[in-house]
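Heads up: the sequence lines are chains X and C, in that order. Quick note on the numbering used here: the first sequence kicks off at 8 and runs consecutively. Quick note on the numbering used here: the second sequence kicks off at 3 and runs consecutively.
Worth flagging that the hints you see were computed from the coordinates, not collected in a lab. Hints are not guaranteed to be accurate.
As the list claims (entries may be wrong) - As a list, the in silico DSSO-like pairs of lysine-lysine whose alpha-carbon atoms are at most 30 Å apart: (1) C/Lys354 / X/Lys358; (2) C/Lys57 / C/Lys124; (3) C/Lys371 / X/Lys476; (4) X/Lys81 / X/Lys476; (5) X/Lys476 / C/Lys245.
The structure presented is a predicted model; accordingly, all values stated were derived computationally and were not measured.
Single-letter residue listing:
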Amino acid sequence: MKILYPWLKEFVDLAVPPAELGARLSLAGLPLDSLEETTAGPVLDFEVTNNRPDCLGHYGVAREAAALFRLPLKPLVPLLKESSEKASKLIRVEIESPDLCARYTARIIHGVTVQPSPLWLRERLTAIGQSSINNVVDIANYVMFELGQPMHAFDLGRIAENRIIVRRARPSEKLRTIDGIERVLRKDACVIADAASARAIGGVMGGAYSEINFDTRDILLESAWFDPISVRRTAKELGLRTEASFRFERGADLQMVELASRRTAQLIKDLAGGQVLRGVVDVFPAPKKAAEIEFTRREWLRVMGADVPDAEVEAILAALGFEPKRSRSRGAGPEDATWKCKQPSWRRDVKREIDLVEEVARLYGYDKFPPRLPPARLPATRLPHAQAEDRLRERLIALGYQEIVSITLVDPELDDLFRLDGVQPALLSNPLAQDASRMRTNGVLSMVQALEWNINHAQQDLRLFEIGKRYELRDGGAFEAPILTLGATGLARVKSLHDNERPFDFADLRGNLDALGDLAGSWNCHAGGPSWLAAGRAATVALNHAPSEAVGNAGQLARDTMERFKLRQPVYVTELQLLPLLAAIGTTQAARRFESWPRFPAVERDFSLTLPDGAAFGAVADAVRTLGIAEITRIDPMDMFRSASIGEGRYSLLLRITFQSAEATLTEAQLSEFSDRIVGALETKFGASLRSR
Amino acid sequence: MASIIEKTAVPLSQLGIDSKEGANELFQELRQQFELDRHTQSDGESLRIKWLGRKNGILPRISENWLKQAPPELKSTTGMCFNILADEISGIIKLYLLIDDTWDINPSKFTSEQLEAYLAEKQMAREAAERDATRNQVDLSLPGVPRTIGTTHIIRQTISEIERIFLAIGFSVAEGPEIENTYFNFEALNIPEHHPARDDMDTFYIRGGTGPYPLLLRTHTSPVQIRTMQKQQPPVRIIVPGKVYRRDHPDATHGFMFHQVEGLAVDTDITFCDFKGVAEYFVREFLGPHVKTRLRPSYFQFTEPSAEVDGSCIFCKSAGCRICKFTGWIELFGAGMVDPAVYGFVNYDAQKLSGFAFGMGIDRLAMMKYGIDEVPRLFQNDVRFLRQFP
Chain X
8 MKILYPWLKE
18 FVDLAVPPAE
28 LGARLSLAGL
38 PLDSLEETTA
48 GPVLDFEVTN
58 NRPDCLGHYG
68 VAREAAALFR
78 LPLKPLVPLL
88 KESSEKASKL
98 IRVEIESPDL
108 CARYTARIIH
118 GVTVQPSPLW
128 LRERLTAIGQ
138 SSINNVVDIA
148 NYVMFELGQP
158 MHAFDLGRIA
168 ENRIIVRRAR
178 PSEKLRTIDG
188 IERVLRKDAC
198 VIADAASARA
208 IGGVMGGAYS
218 EINFDTRDIL
228 LESAWFDPIS
238 VRRTAKELGL
248 RTEASFRFER
258 GADLQMVELA
268 SRRTAQLIKD
278 LAGGQVLRGV
288 VDVFPAPKKA
298 AEIEFTRREW
308 LRVMGADVPD
318 AEVEAILAAL
328 GFEPKRSRSR
338 GAGPEDATWK
348 CKQPSWRRDV
358 KREIDLVEEV
368 ARLYGYDKFP
378 PRLPPARLPA
388 TRLPHAQAED
398 RLRERLIALG
408 YQEIVSITLV
418 DPELDDLFRL
428 DGVQPALLSN
438 PLAQDASRMR
448 TNGVLSMVQA
458 LEWNINHAQQ
468 DLRLFEIGKR
478 YELRDGGAFE
488 APILTLGATG
498 LARVKSLHDN
508 ERPFDFADLR
518 GNLDALGDLA
528 GSWNCHAGGP
538 SWLAAGRAAT
548 VALNHAPSEA
558 VGNAGQLARD
568 TMERFKLRQP
578 VYVTELQLLP
588 LLAAIGTTQA
598 ARRFESWPRF
608 PAVERDFSLT
618 LPDGAAFGAV
628 ADAVRTLGIA
638 EITRIDPMDM
648 FRSASIGEGR
658 YSLLLRITFQ
668 SAEATLTEAQ
678 LSEFSDRIVG
688 ALETKFGASL
698 RSR
Chain C
3 MASIIEKTAV
13 PLSQLGIDSK
23 EGANELFQEL
33 RQQFELDRHT
43 QSDGESLRIK
53 WLGRKNGILP
63 RISENWLKQA
73 PPELKSTTGM
83 CFNILADEIS
93 GIIKLYLLID
103 DTWDINPSKF
113 TSEQLEAYLA
123 EKQMAREAAE
133 RDATRNQVDL
143 SLPGVPRTIG
153 TTHIIRQTIS
163 EIERIFLAIG
173 FSVAEGPEIE
183 NTYFNFEALN
193 IPEHHPARDD
203 MDTFYIRGGT
213 GPYPLLLRTH
223 TSPVQIRTMQ
233 KQQPPVRIIV
243 PGKVYRRDHP
253 DATHGFMFHQ
263 VEGLAVDTDI
273 TFCDFKGVAE
283 YFVREFLGPH
293 VKTRLRPSYF
303 QFTEPSAEVD
313 GSCIFCKSAG
323 CRICKFTGWI
333 ELFGAGMVDP
343 AVYGFVNYDA
353 QKLSGFAFGM
363 GIDRLAMMKY
373 GIDEVPRLFQ
383 NDVRFLRQFP
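Assemble the whole structure, with the sequences as input and the hints as a guide.
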C-alpha cells in the first residue's frame with residue numbers, strides 16, 4: 008500500500024520525517040518496503056498483512072501512526088451540501104442476497120461535467136501508482152485510497168427503471184466489464200443489476216454499459232459492503248483481481264460505507280459540479296452492535312510473560328478505537344484488572360482477547376519483553392534411526408561419496424525409465440513445467456541426472472550418494488519411503504606420482520556395498536536386477552537378516568539407459584530402501600560383542616584349482632564351509648584366470664584358505680587331512696582338479 | 003675405624019697422617035670408594051651430587067678439610083693426589099651424565115675405558131644418521147597419495163547444526179510427510195478455504211487422492227505441528243526439518259522446493275518472553291555471538307501475537323548495505339505464539355496452554371551464512387560446489 012506522506016499528514020500532525028515514520032511503523036506491524044520521492048511528495052510503500060484491510064487507506068495508516076506517536080487522529084466529518092430533491096424518490100435499491108451484500112448505499116448526483124481531473128488529483132494518484140481516467144472515476148478511486156472503501160459510479164441514465172437489485176448471477180449470465188472483456192459469471196457471483204440485466208460484478212468490477220463516460224450527466228454512486236469469501240471466489244474464478252476485490256476479500260468497514268460515499272459525493276460536487284440529491288438510499292438489513300471484548304491482565308501475563316502499565320494498555324487501546332473501560336475487578340489483586348473493549352467496525356480481525364493482547368503488545372513494543380529460555384521438560388530425542396543414519400553417512404563419506412540433495416519434482420517420461428512395475432506415481436495437477444510435474448518414484452533418476460550434470464561440466468570421476476525419499480500413491484493416499492541412492496563413475500583411483508589410475512569397476516561397487524553391509528550384518532546378493540541395469544552386471548540386494556526380502560539393487564547402468572542420457576562412460580548405480588537398512592544397522596550394533604582371537608598361529612594353504620565355468624567362487628567357498636571344519640577362518644580368492652593350457656569351459660582359481668585353532672597349534676598332519684577333505688569335496692562337487700599344491 | 007667418607011670431614015692432622023705415603027693411601031681408599039659407588043649407582047646425577055656437589059660433595063670437602071689445612075710438608079703431595087683423583091672422578095661422572103640422556107646401557111657395568119669407547123661409537127652413529135637424514139629428506143613440497151573423502155551436503159550440515167542447537171535446549175526432532183492434504187496444511191492451521199492467506203503460499207496439488215481432503219505438496223513444515231499435537235499431550239518441544247514446496251517460478255532466489263525447520267513449544271507456562279529467549283539463543287548460536295536479534299510484529303494465521311525475527315546484518319555489521327536494504331537488519335524467520343484457534347483442532351485446552359511456533363527457511367539461512375549466491379546451486383549437485391563444504 009503506497010502512502011503519500013503529505014496526504015497522510017492531513018489526518019495526523021506528524022513531526023517525524025518519512026524515513027523515521029517508516030522505520031517506526033515497521034516495528035509496529037506495518038513493514039516498510041520502500042520509500043521514494045514523487046512530485047506530490049514522499050511515498051512510503053508498506054506491506055500490509057492480510058488481516059489489516061483497515062490499513063489499505065491513508066486514514067487507517069494515519070490511525071496507526073497516531074496511536075504509535077500518541078498524536079490525535081483528525082475525525083472524519085465530511086460535510087455535504089445537498090439539494091432539496093430526495094434521492095429515495097428517484098431510485099430503488101433491493102438486496103435479494105443479503106448473504107453476499109450486507110449493506111448497499113446509493114447517492115444520486117445530477118448534472119455533473121465529466122472531464123479530466125485537476126492537476127493535484129492526477130499527481131496524487133500518479134504518486135501512488137494509479138492512472139487517471141476522468142474526474143468522477145478518479146474521485147471514487149481517490150476516496151478508496153483515502154478511506155479504504157471501494158466505490159463504483161454508474162451512469163444513472165443507463166440504469167433501467169432506476170432500480171438496483173443486488174442478487175446472485177443467473178445461470179451462465181454474461182457481463183462485459185469495463186476492461187472490455189465479456190465474462191460469464193459463476194453461479195454464486197454477486198451482481199448489481201438494474202431492471203434489465205447485470206450492470207456490475209459486486210465488489211469486483213463494473214460493467215462497460217453503465218460506466219461513466221464524458222457524456223454522463225447523472226450519476227449513481229454505489230458504496231456497499233460485499234462478503235469477503237464471495238468476492239474472493241468470484242475474483243479468483245474470473246482471474247480478475249482489482250483494488251476493490253483486494254479490499255473486500257480482506258473485509259471492508261461496514262460503517263465506512265456511508266461515510267465514504269458522503270465524502271465522494273462532496274468531492275464530485277466540488278470538482279465535477281452538479282447537485283447531490285438529498286439523503287442516501289441505505290439498505291442495511293442487519294446492522295450489528297459492536298462486539299464486546301475483554302482484556303485482562305491475567306491473560307496478558309499468561310501469554311506475554313511480562314507486565315505492562317495500565318496507562319499503556321489504556322492509551323494504546325483507546326488510540327486504536329477499542330474504547331477500553333476499566334471494569335470492576337472480579338478479584339482483588341492487580342492481575343485481576345479487566346478492561347471492556349468494543350470492536351471497531353474497521354477491525355474485523357480483532358474478535359478475541361488474544362487479538363487485543365497482540366494489539367497492545369505490538370504498540371507497546373516487542374523490544375520491551377525480557378528474553379528467557381524455557382526449561383526443558385522432557386529429554387530431547389532425535390529421529391528414531393538418527394544414529395544409524397549417522398553411522399551410514401560417516402561410512403559413505405569415508406568411502407569417498409559426496410552427498411547430494413535433488414529436486415524431487417521430475418520429468419514423468421524420465422522417471423518412468425526407473426519406475427518399478429505397479430508403482431503409481433503422484434502427479435501434480437497444476438505443475439509449473441512438464442519436466443517437474445511428478446514426485447519421483449525412485450532416486451536413480453536424480454542420481455543419473457546429477458552424474459550427467461557433472462560429466463557435462465567436465466567432472467568425470469564421481470562418487471555421489473543421496474539420502475532422500477521416493478513417492479507414490481497407494482490406495483488413493485500418499486506413500487513416501489526414505490531411500491539411499493549411490494552413483495559412481497570415472498576413476499576409482501586417479502593417476503598421481505605414487506599410483507597409476509584405475510577405473511571404477513563392479514568390484515569397487517561391490518567393495519563399497521560390503522563396507523556398508525558390514526554395518527548391517529552384511530548383504531545377500533543375487534544376480535539380476537531391474538531393466539535399467541545391464542544384464543550380467545546387476546545384483547538384487549537383500550539383508551542377511553532377511554535374505555528373501557530385497558531392499559534394493561545395484562549394478563552398472565544398461566547401455567540403452569546410458570544412451571538416453573548421452574553417457575559415454577560406465578556408470579554404477581544403487582538404490583536401497585533406507586528403513587530396513589537403518590533398522591538392521593541398529594540391531595547389528597546392539598548385538599555386537601567382543602570376541603577374543605586364538606593364541607595359536609594361523610596357517611595359510613593355497614589351492615590352485617581348475618574349475619568348470621559354472622562353479623562360482625561363492626559356491627566353491629560354500630562347499631568348503633559345509634565340510635564343517637571349524638578351524639577354517641578365511642576363504643579368499645587370490646587369483647582367477649583362463650588360459651589355453653586349462654582348456655575351454657574351465658578356469659583357474661587360486662584359493663587361499665586360512666586355518667587357525669583356538670585349542671592348539673595345528674600340526675602338519677591335521678593340515679594335510681583338511682586339505683585332502685577340501686580337495687576331495689571340490690572334486691566330487693564341481694569336478695575340480697588340483698593344478699599343484 | 004671411621005669410614006673414608008667420615009675421614010673427609012676432618013683435617014689430616016686429626017687423622018694422624020703425617021707422611022706422603024699416608025696421604026697416598028687415603029686417596030687410594032677414596033678411589034676404591036668411588037669405584038664401589040659407581041658400580042652400585044648407575045645414576046650420573048646422584049653420583050655428581052655425592053662427589054662433586056658444591057654444598058656437601060666429597061671432593062669440595064677434601065679441598066676444604068685436607069688441602070687447606072694440610073701441614074706445609076704435605077701440601078704439594080696432597081694437592082697432586084687430589085688433582086689426579088678429581089680429574090678421574092669428574093671424567094667418569096661426565097660420561098655417566100652423557101649416558102643418562104640416552105639410558106640405553108647401564109654404565110655401572112662398564113669400565114671407564116669401555117664407556118669412553120661406547121660414547122665415541124655413539125657419536126659416530128649419530129653423525130652418520132644426520133648425514134643420512136639430509137640425504138633422504140622427503141620432499142614436503144610434493145603432494146601425498148590422493149584420497150577421495152566424501153562430503154555431507156551443506157543443507158544436511160545446516161540441518162544438523164540447527165538440530166544440535168535445539169536438542170541442547172530440550173527440543174526433540176520430529177518429521178512428517180511431504181505429500182500432505184489441505185486439512186493439515188491449511189485448515190487445522192486456521193487457514194480456511196477462501197482465506198487470502200492461502201494466496202501467500204502458492205500450492206502444488208496432487209492428482210488422484212481419494213481422501214476427504216485434496217492432496218498437496220506441503221507449503222510449510224507447519225502441518226507437523228498439528229500431527230504432533232494430535233499424537234502427543236503437552237509438554238511439546240519439537241523441531242521439524244524437511245522439504246517444502248511452493249508454486250513459485252524458479253529464479254536466483256526462489257526454487258519450487260526448499261527446506262524449512264518448524265519449531266513448536268507448548269506447555270502450561272510458555273510465554274512470549276520464552277519465545278524471545280529461544281529466538282535470541284538460536285540466532286546467537288547459529289550466526290555468532292555478536293549477532294543481535296530484533297522482533298517485529300507480523301501476521302500469520304496460526305500464530306498470535308506473530309513476529310518476524312530479524313538478525314543484525316552479518317554482512318555490514320549493521321552499518322547498512324545492499325543486502326539489508328540499508329536497514330542494518332536481515333529478516334530471518336517468522337514466528338509467534340500459537341494461535342488459540344489451532345489448539346481447537348487438536349483438542350488442547352487453550353485456556354490452560356500456551357506456546358510458540360516458528361518456521362525458518364534453511365536454504366536461505368545456509369546461503370546467508372556461507373555466502374552462496376544462487377538457490378539453484380544448492381540442488382544442481384555440482385561436485386565443484388559440494389567439495390567446497392567438506
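Q: Output the numbers, in ascending order, of every earlier hint that fails for this structure.
A: 2, 4
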